[in-house]
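*Asks:* Below are the chains, spelled out letter by letter.
Protein chains: 2
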Amino acid sequence: MSYKFIDGSVTAAKGFKASGIHCGIRKNKSKRDIALIFCEKRCTAAAVYTTNLVQSSPITITRKNLADGYAQAVIVNSGNANTCNADGDLKAQKMCDLTAQALGISADDVIVGSTGVIGQILPIEPIEKAVPLLAAELSEDGASNAAEAIMTTDTVKKEVAVETTIGGKTVKIGGISKGSGMIHPNMATMLCFVTTDAAISAGMIQKAVKTAADNTFNMISIDGDTSTNDTLSVMASGLAGNEEIIAEGEDYNAFVEALTAVCRELSKMMAKDGEGATKLLVCKVSGAKTEKDAKGVAKSVICSSLLKAAMFGADANWGRVLCAIGYSGCDVDVHKVDVSFASEKGTIDVCRNGAGIEFSEELAKEILIRDEIDIIVSLNDGDAYAEAYGCDLTYDYVKINGDYRT
Amino acid sequence: MSYKFIDGSVTAAKGFKASGIHCGIRKNKSKRDIALIFCEKRCTAAAVYTTNLVQSSPITITRKNLADGYAQAVIVNSGNANTCNADGDLKAQKMCDLTAQALGISADDVIVGSTGVIGQILPIEPIEKAVPLLAAELSEDGASNAAEAIMTTDTVKKEVAVETTIGGKTVKIGGISKGSGMIHPNMATMLCFVTTDAAISAGMIQKAVKTAADNTFNMISIDGDTSTNDTLSVMASGLAGNEEIIAEGEDYNAFVEALTAVCRELSKMMAKDGEGATKLLVCKVSGAKTEKDAKGVAKSVICSSLLKAAMFGADANWGRVLCAIGYSGCDVDVHKVDVSFASEKGTIDVCRNGAGIEFSEELAKEILIRDEIDIIVSLNDGDAYAEAYGCDLTYDYVKINGDYRT
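Heads up: the sequence lines are chains A and B, in that order.
Note that the first sequence covers residues 1 to 406 in our numbering.
Note that the second sequence covers residues 1 to 406 in our numbering.
It is possible that part of the hints are untrue.
[What the hints assert, rightly or not] Derived lysine-lysine pairs resembling DSS-like cross-links, with alpha carbons at most 30 Å apart: (1) 169/B to 157/A; (2) 169/B to 268/B; (3) 336/B to 94/A; (4) 157/B to 399/A.
[As the list claims (entries may be wrong)] Chain B is faced by these chain A residues, among others (derived, beta-carbon under 10 Å): (5) 52; (6) 68; (7) 69; (8) 84; (9) 119; (10) 121; (11) 124; (12) 317; (13) 320; (14) 330; (15) 356; (16) 360; (17) 363; (18) 399.
Calculated directly from the structure, the hints in this document are not laboratory data.
Given the structure is predicted, the values throughout are model-derived calculations rather than measurements.
We put the beta carbon where it would ideally sit given N, CA and C, even for glycine.
Can you make the complete structure from the sequences, with help from the hints?
*Replies:* The structure is reproduced here in structure tokens:
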């Protein structure tokens, strides 16, 4: 491991400033609801998006703007998804125009995002008033305000940054993300904005973001619903001064490793802060025939509503793990499967060769009552490994989603 | 429609008797936990089973016994799934042996089922004592006791019967089923036992049961978890006296229509009695390019945790319907989609051409507060139609599953 975690997030890397304020899309005046991220230099940039056929207007506009591999700012609101609206594309484009005007950059260099309720017309007046204020408030200390402004049902801000060395130069990568419901990404996830001062070509940054997302955000599931707005974007200013990464090799690998670390931490934060969640669940699958099987089994387990409810109740109901492995569609010999549960309290084996073994219910309860649980599955049928991230299913998930819109 | 609903269930058809008692697998002595169904005549019979790779021992033994297309009795317990147990196959076979001995039939003509907790050793002593008592209690009035004995977290018994005319003879078909959690069948579902006095060959009954299951049980989802024990079996005594159905044609079609009606009613009962459910949801998808697309869209909508929670809250959050259509993986033009909600209170249009339209929130609330809700999706892109059955997601689902095992 050649990186280390540092304080900060989207303004940790050289060249970036951010801000976040309340503009009025959300009724609660104490909640920031619009964020801006700006780089003093035009960046190479790339993004991955939801695979849902229904896609938000911000995604339509961002795809167009990132087609050339460059961006210089991010504008994003919460409280309204700007999805399934007849005038959605016009409004998303307007957000870019307003941002470009306030910052003196090209509207084609703006990444735009929205998150919130689907199918309600986005009011543009609050945004028209907000953008100049956001531009005036940009600062290196503004990352937390931006992180807060993109929250919806999130209960905690998600910020992380790492530092690594590439080509003898210190490089920083930091990100913010949001999302605690409608999370079951298949290509990217909810909203996540990452910045770095690494010098990396547009082509290689696209490759890196896809690789990082596949092993982190794409391995989270909170409720099995794939959002219409999922976007992960990365902007690279190049101000770290390393020789530009233009091909695979040692420098590229160091960048991907550090970018993946940022994405993994944000993924775990998102899973732990899943709507109504009281616990982070990590399913660690080893001994699979292929990486695809390892990922498939890990996601199937982490997605099981029955297992998620059992974890909420600290109930060592390992039969539900076996059941989820069985319907995963993966190549598994169910008679070779071992299952254990673990937390900071310890590890307990509950299933060997696909059948139950005796274990202490008391110890199991003590282990499962903690707030970070590992579900350890050994398939004993190969060498592939994968992790998936999720959370328990609780009364509060139902409460939050039973009356989210009104 | 050439059939009509009648009173009764598995003993409605000629030749069948049933019984159900408490034997002690479940601790609650007031809950019946073992059932027997018997036909005075050896029946043609067929079944469909779960697609989960992890399969119960009763399925292993039933597959073997039905390989010849004949059966004469069903023995089934609740309170223990007899799945993932090292001695499971031996115990399931023992249940058949005991039943055969008590009834004076061949052990190969017994269908065996179990439902309950996975991975706990099945105690055989209570069953050894119970089977002779079950045999002694067999009666044409015993169907309700049998229906009660197979319930787990179900809150209501599921019994239905129909009468139709085949080849000039009156034919009856009736069934009982159970299951309110771990329900997301892909080939059959939970436990369902159907009997008929139709004369139909083993080959045609297998074909009929597959057809009926695909359009009914396989279109239910309660929680996305596919059980390890799902079994739907049909036994036909032939005592109605119709000319044996040995090929497709008018008689076969009448049989399939009536069998499908029995299966559809039981499916709706199961969905409405989903764990913790307060409402039956039926998603009706029309205008799809293919039947596969219609089914895929209907199931995706009915499976959405977010939509299910919204329905619990009587919240007309149609964006979640669009979202679920978008990630269904089906061939859909999202810009042509119309959505309405309906109940006995009326119908309200909420989305036209993939975008929101103005509607009365008050009327929507009045419609959605009822206990049977239709989610009507028009894809406007073809002629195919499908229905899927589900329920809302509630606090009680979490409560039931957070502490089911202990």
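*Asks:* Against each hint, give a clear statement of whether it holds in the structure.
*Replies:* These are the hints, each one checked on the structure:
1. The straight-line distance between the Cα atoms of residue 169/B and residue 157/A is roughly 70 Å, outside the 30 Å bound, and the hint therefore fails.
2. For a cut-off of 30 Å, the pair hint linking residue 169/B to residue 268/B stands: about 29 Å separates their Cα positions.
3. This hinted pair checks out: residue 336/B and residue 94/A have alpha carbons roughly 26 Å apart, not beyond 30 Å.
4. At roughly 29 Å between alpha-carbon atoms, residue 157/B and residue 399/A fall within 30 Å of each other, so this suggested pair holds.
5. Here the hint on residue 52/A is kept, as its CB sits about 4 Å from the closest CB of chain B, short of 10 Å.
6. For residue 68/A, the interface hint is violated, since its Cβ never comes within 10 Å of a Cβ in chain B; the closest pair sits about 27 Å apart.
7. The closest approach between the C-beta of residue 69/A and any C-beta of chain B is roughly 27 Å, which is over the 10 Å cut-off, so the hint fails.
8. Residue-level restraint check for residue 84/A holds (minimum Cβ-Cβ distance to chain B is 5 Å; threshold 10 Å).
9. With its C-beta approaching chain B no nearer than about 4 Å, residue 119/A sits inside the 10 Å limit, and its interface hint holds.
10. With 10 Å as the threshold, the beta carbon of residue 121/A comes within range of chain B, its nearest partner Cβ sitting at about 8 Å, so the hint holds.
11. For residue 124/A, the suggested interface contact is broken, since its CB lies about 17 Å from the closest CB of chain B, more than 10 Å.
12. Hint status for residue 317/A relative to chain B: holds, with the closest Cβ pair at about 5 Å, below 10 Å.
13. Residue-level restraint check for residue 320/A holds (minimum Cβ-Cβ distance to chain B is 7 Å; threshold 10 Å).
14. Given hint, residue 330/A at the interface with chain B, holds; its Cβ is 9 Å from that chain's nearest Cβ, closer than 10 Å.
15. Hint status for residue 356/A: holds, given a least beta-carbon distance of 4 Å to chain B, under 10 Å.
16. Annotation: interface hint on residue 360/A violated; nearest CB of chain B at approximately 13 Å, more than 10 Å.
17. Interface restraint check: residue 363/A against chain B, minimum CB-CB distance 14 Å, threshold 10 Å, status violated.
18. Annotation: interface hint on residue 399/A holds; nearest CB of chain B at approximately 7 Å, less than 10 Å.
The earlier numbered hints that this structure contradicts are 1, 6, 7, 11, 16 and 17.
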